[in-house]
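Novice: Position chain H against the provided structure of chain B, taking the given hints into account.
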Amino acid sequence: MLTDSSPAGSGPVNPNRNLAADAFTLRRRPPSEKLIDLGFRQLTLVLASFVAIVLLGIFLTVFQGAREAISSFGLSFLTTSSWDPVNEEYGAFIAIYGTLVTSILSLAIAIPLGVGTAIFITEDLIPSSLREAIGLMVELLAAIPSVVLGLWAIFVMEPAIRPALNLLHSLLGWTPFFNTVPQGPGMAPAILILVVMVLPIITAISRDALNQVPIELRQGAYGVGTTRWGAIFSVILPAAVSAITGGVMLALGRAMGETMAVTMIVGNALNFDLSLLAPGNTIAAMLANQFGEADGIQVSALMYAALILMLLTFAVNVVAQWLVRRLSLRY
Amino acid sequence: MTSSLYSSQSADSTKGDACMSLQNVTISYGKFEAVKNVFMDIPRGRVTAFIGPSGCGKSTVLRGLNRMNDLIPGCKLKGRVVFDGHDLYDPKVDPVEVRRRIGMVFQKPNPFPKTIYENIAFGARINGFKGDMDELVERSLRKAAVWDECKDKLRESGFALSGGQQQRLCIARAIATEPEVILMDEPCSALDPISTLKIEETMHELKRSYTIIIVTHNMQQAVRVADQTAFFNAEAVEGGTGKVGYLVEFNDTERIFNAPGQQATQDYVSGRFG
Chain B
3 MLTDSSPAGS
13 GPVNPNRNLA
23 ADAFTLRRRP
33 PSEKLIDLGF
43 RQLTLVLASF
53 VAIVLLGIFL
63 TVFQGAREAI
73 SSFGLSFLTT
83 SSWDPVNEEY
93 GAFIAIYGTL
103 VTSILSLAIA
113 IPLGVGTAIF
123 ITEDLIPSSL
133 REAIGLMVEL
143 LAAIPSVVLG
153 LWAIFVMEPA
163 IRPALNLLHS
173 LLGWTPFFNT
183 VPQGPGMAPA
193 ILILVVMVLP
203 IITAISRDAL
213 NQVPIELRQG
223 AYGVGTTRWG
233 AIFSVILPAA
243 VSAITGGVML
253 ALGRAMGETM
263 AVTMIVGNAL
273 NFDLSLLAPG
283 NTIAAMLANQ
293 FGEADGIQVS
303 ALMYAALILM
313 LLTFAVNVVA
323 QWLVRRLSLR
333 Y
Chain H
7 MTSSLYSSQS
17 ADSTKGDACM
27 SLQNVTISYG
37 KFEAVKNVFM
47 DIPRGRVTAF
57 IGPSGCGKST
67 VLRGLNRMND
77 LIPGCKLKGR
87 VVFDGHDLYD
97 PKVDPVEVRR
107 RIGMVFQKPN
117 PFPKTIYENI
127 AFGARINGFK
137 GDMDELVERS
147 LRKAAVWDEC
157 KDKLRESGFA
167 LSGGQQQRLC
177 IARAIATEPE
187 VILMDEPCSA
197 LDPISTLKIE
207 ETMHELKRSY
217 TIIIVTHNMQ
227 QAVRVADQTA
237 FFNAEAVEGG
247 TGKVGYLVEF
257 NDTERIFNAP
267 GQQATQDYVS
277 GRFG
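So the sequences go chain by chain: B and H.
In terms of my numbering, the first sequence opens at residue 3 and continues consecutively.
In terms of my numbering, the second sequence opens at residue 7 and continues consecutively.
Keep in mind that the hints were calculated from the coordinates and are not lab data.
Okay, the calculated beta carbon distance ranges per label pair: (1) SER195/H <-> VAL158/B: 56 to 66 Å; (2) LEU174/B <-> ASP93/H: 50 to 60 Å; (3) LEU58/B <-> LYS136/H: 54 to 64 Å; (4) ASP100/H <-> LEU143/B: 30 to 40 Å.
No farther apart than 16 Å at their CA atoms in a straight line, the calculated lysine to aspartate or glutamate pairs in the EDC-like style are these: (5) LYS149/H <-> GLU206/H; (6) LYS136/H <-> GLU184/H; (7) LYS82/H <-> ASP96/H; (8) LYS213/H <-> ASP23/H; (9) LYS114/H <-> GLU218/B; (10) LYS120/H <-> GLU218/B.
Selected chain H positions facing chain B (Cβ under 8 Å, derived; list incomplete): (11) PRO79; (12) VAL102; (13) ARG105; (14) MET110; (15) ASN116; (16) PRO119; (17) PHE128; (18) ASN133.
For glycine and all other residues, C-beta sits at the position ideal for the given N, C-alpha and C.
Bound-form chain B, shown alone (with noise of 0.2 Å):
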């Protein structure tokens, strides 16, 4: 198709040349292909761009709003828990609370239920089909919308996990975060919805990882008179890591983040207490919450919050980065 219209470096026929290497008419990629390839490096970075610049706009935007109420209260906003409209006094400490210690309970539950599935279903257990069915519901776990969710905890969940709470309060009961009697919505049942809705996260990815690791490794470590458990734990599990902590880096993201099945069952409360029986907040339930009504500066105040909530996530996940690149040997 270029034989003719081939560039002027080819120059004339040579005569000793070999016939058949004639056929092939692209050994000079011809200025269109190459304009191709330019063009699509400038495109995928003009995707890769896309990300950052929505990423900047957002916290430009969320930064903005804020500035209101951070040159006003600026930092005792995080250690104050009085949030009152009527005399413009906010404090986001009730929150900002709420939201690290849902996230950080609910990954401490769902990390090795997670990796503990994901080793399940990676290792050979059980019949693959078997394995194959778990697989596929904790996939399904991800598909329900979280506002399913939300009525799922308050209906079903919380009741049913009632005189669980109810026990750890007579047992743990003088202790601050046991002491106050459960009644309905709170810190305990938001943790565990969470744990549900991060749970497949963290197994899917956990899986994926663990099946990466190379089955040389694998062979190694049992060649070296290993038992399946020690393989897993002191080799598998190490060279997983890294994909690993990625996995719940994302699932501590959505933790942190969720809105909806915790904004209905979290309790939002304006009162702080210690007790994960009684009800909390976090700063996404108190978003979605206030922002309907608000004006003025609790606007301001609200963009506050949604301003620490973002670097709380930034910081865990530079710590998370750090922390994986002490732990693991690549391999």
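Specialist: Frame of chain B, contents of chain H only:
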């Protein structure tokens, strides 16, 4: 268990002392038979090489010797593999214990994602080593001829080493658990000639204390390192989907390469195969 190390010295003169004995071994993957009806007595304290064309089942047999095939779903072994008076495939035998006494070096270097030191110490610790770990690490690395390259970076990742060094680290790892037998599955196939030479020198050192069984595609390597050589071949069977491997001949390496008893062996070792 400990006596075998001492008896290996006397075994040099009388080669009748079998370390492992394969009795009518047939290994299949699902319905497909990979290698069938293998009988052989592998002598103690010597290097035995398995040679043969691709797909003849030599690696399969090797992995059958320390129950590594257990890790492959659908892989089954019929017949007996007798080691130290016991059939390794007896239901009462624990495959983990088998692998603690019969170590393995793999085709691709596969150090653990740990420090060089931990790569060695890991296996020793699993095997309940109670002695001086620093000393064991140094001794194992020296035996595998990789100490000089490693001694200044024991705390670095095993992946900081070159391919050849990684493979010698893996040999050191296998030695550190003091197995009675070391299986090597084409240990030099991914390495350059100089690393290969070093590993072969290492093997000459090691056969003083261990029985070594090596699978190799490189016939010159078999000549250089092995006292005994087994030649495997594969043939199509009627009604089967693929080729089935079988043991053609097992004898002193010198005989196999200079005066083989079978025409197939003669053809293979002289390069007139296929």
